[in-house]
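So the protein sequences, as listed, match chains A and B. Per my numbering, residue 73 is the first one in the first sequence, and the count goes up by one each step. Per my numbering, residue 73 is the first one in the second sequence, and the count goes up by one each step.
Keep in mind the hints are simulated off the structure, nothing from the lab. Because the structure is a prediction, the values reported are computed rather than measured. Hints are supplied without guarantee of correctness; some may be wrong.
Intra- or inter-copy, both count: the list cannot distinguish identical chains.
[To be verified] No farther apart than 30 angstroms at their CA atoms in a straight line, the calculated lysine-lysine pairs in the DSBU-like style are these:
hint	residue 1	residue 2
1	Lys141	Lys118
2	Lys126	Lys141
3	Lys190	Lys126
2 protein chains.
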Amino acid sequence: MDLLGDWWTPLVLRELVYGSERFDDIQAALGVGRNVLSQRLQRLEKEGLVARRKYQDHPPRHHYLLTEKGRDFFPVLAMIVRWGDRWLDGGKGPPVLLRHKSCGRAIHGEMVCSHCGKKFTRDDIAVETPAGEPITLEDRVSAIARLNASKSRK
Amino acid sequence: MDLLGDWWTPLVLRELVYGSERFDDIQAALGVGRNVLSQRLQRLEKEGLVARRKYQDHPPRHHYLLTEKGRDFFPVLAMIVRWGDRWLDGGKGPPVLLRHKSCGRAIHGEMVCSHCGKKFTRDDIAVETPAGEPITLEDRVSAIARLNASKSRK
Chain A
73 MDLLGDWWTP LVLRELVYGS ERFDDIQAAL GVGRNVLSQR LQRLEKEGLV ARRKYQDHPP
133 RHHYLLTEKG RDFFPVLAMI VRWGDRWLDG GKGPPVLLRH KSCGRAIHGE MVCSHCGKKF
193 TRDDIAVETP AGEPITLEDR VSAIARLNAS KSRK
Chain B
73 MDLLGDWWTP LVLRELVYGS ERFDDIQAAL GVGRNVLSQR LQRLEKEGLV ARRKYQDHPP
133 RHHYLLTEKG RDFFPVLAMI VRWGDRWLDG GKGPPVLLRH KSCGRAIHGE MVCSHCGKKF
193 TRDDIAVETP AGEPITLEDR VSAIARLNAS KSRK
């Protein structure tokens, strides 16, 4: 979550997923300030989700491309789209369609179990520590404390 | 994305998904300031993801519970967990396990097509307008312009 910063980051990723490669296109599509966009792209590049490729020398111009790590963020975006279509559409229908090339239908992402392939919701899941114990509030408090301690050491 | 604000919102949702119901517990688990948490919870309540239930009168105390709309956000969180486990684990393994009660395994969410049930990635999808046309940069620029216009009217 720290890496993702604010919601500009997934919006930038969404633009890259949609195929925008130029700074000016991403900026126009999002209506975001140049400084904010530049910071988010630098962070995404540093974290390995985005690669910058120079395509012109005078003046220097770059393309922004998703790495494999960046492309693998797509399921998060697709699930946000699914949730928005379901709960925020206000009767107007979805603003974009995702067409599945192999079956030809306008679809949405559905979440299934990586082992048995069944759909699941929160109620079907037990959240556990790596040792297989139920996770407690104390575990989460101390995890956050460790995270904050490691940040302040940087 | 506007509704979600910054990443405190999904973190608050995560705490509620984990079963925290009291303001102080959520605050302790996230290490977030009381004002920020209070704002996020109010926004989530206003947007219908969270319901507040009074459980004590003197002094007034509330539980925070997920509505159906809030609970349905779980797939987004589960996909963030999947992505983080895959790309950010730093060799230490996942910080939490999701155990699927029905098959008994530690699993992750996998995204499949709602129509044909096949796994898919960005490359398997064509993004289209509601009319079935390829979506262009111009479509996205004008969608953002409309959104900003409707915000400034409020």
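Checklist line | In rising order, the numbers of the hints this structure does not comply with | finding: Those not satisfied come down to hint 3.
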